[in-house]
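Peer 1: Those protein sequence lines, which keep their order, are chains X and S. By the numbering used here, the letter at position 86 of the first sequence is numbered 86, and the numbering carries on one by one without gaps. By the numbering used here, the letter at position 104 of the second sequence is numbered 104, and the numbering carries on one by one without gaps.
Some clues are possibly wrong.
In silico SDA-like pairs for lysine to any residue, Cα to Cα no more than 25 Å straight-line [as the list claims (entries may be wrong)]:
1) Lys-60(X) with Pro-40(X)
2) Lys-49(X) with Thr-7(S)
3) Lys-52(X) with Ser-83(X)
4) Lys-52(X) with Thr-30(S)
5) Lys-103(X) with Asp-57(S)
6) Lys-49(X) with Ser-83(X)
Honestly, the hints are just simulated from the structure, not real lab data.
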Amino acid sequence: GDSVTQMEGPVTLSEEAFLTINCTYTATGYPSLFWYVQYPGEGLQLLLKATKADDKGSNKGFEATYRKETTSFHLEKGSVQVSDSAVYFCARNQAGTALIFGKGTTLSVSS
Amino acid sequence: GAGVSQTPSNKVTEKGKYVELRCDPISGHTALYWYRQSLGQGPEFLIYFQGTGAADDSGLPNDRFFAVRPEGSVSTLKIQRTERGDSAVYLCASSLGGRKNNEQFFGPGTRLTVL
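The shape of chain X in the complex, shown without the other chains (with noise of 0.2 Å):
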């Protein structure tokens, strides 16, 4: 069936380090793609998202592109700080369906 891999965490990085988390999905079709966070002791938001191919979702510093041809929206950040210490979780749907989660990845910088 359609699901979402991404990297195992923790990852754990220095301040201003540069921060990739890699997301894959599977899925029939033409799923919208997003990327959620979860602070510690906070609900889900949602960080950014890409609706077709190609699209770039950009947020806080945060960029992640939809790309089809590797079914990939990888999440990069040029430099982390502290306060982006939380939980990523990678997600796609289609057309206003149920989302599916990847496990998370567990960020923790330290300055």
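Add chain S to chain X, keeping to what the hints say.
Peer 2: Chain S only, in chain X's frame:
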């Protein structure tokens, strides 16, 4: 404006008991979703409502789980004869609905512990 709210925030119950979890979506959102998140995992889909009807309940694990949304707004997830394996955070999300309005907004969740 108000976001998605869920009550209670925590629920501790004993094995075999019945529980109800409530979700109040964002006003005007016609689509409502329930998910379950176990420790160290991503949320897993349970059921999706469009208006008052369940458009997709394929994620409900068995017939002990049931959800309603009688007036197309508030939804209640009901779990009968709870088991220890039901312990998880139950998340509710809502969206405007439709093919293009598919951004889902999540509530803070209800942490269910079955002893």
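Peer 1: Now, for every hint given, state plainly whether the structure supports it.
Peer 2: Structure-based check of all given hints:
{"no.": "1", "hint": "Lys-60(X) with Pro-40(X)", "in the structure": "holds, 17 Å"}
{"no.": "2", "hint": "Lys-49(X) with Thr-7(S)", "in the structure": "violated, 28 Å"}
{"no.": "3", "hint": "Lys-52(X) with Ser-83(X)", "in the structure": "violated, 30 Å"}
{"no.": "4", "hint": "Lys-52(X) with Thr-30(S)", "in the structure": "holds, 24 Å"}
{"no.": "5", "hint": "Lys-103(X) with Asp-57(S)", "in the structure": "holds, 22 Å"}
{"no.": "6", "hint": "Lys-49(X) with Ser-83(X)", "in the structure": "holds, 21 Å"}
Violated hints for the displayed structure, listed by number in ascending order: 2 and 3.
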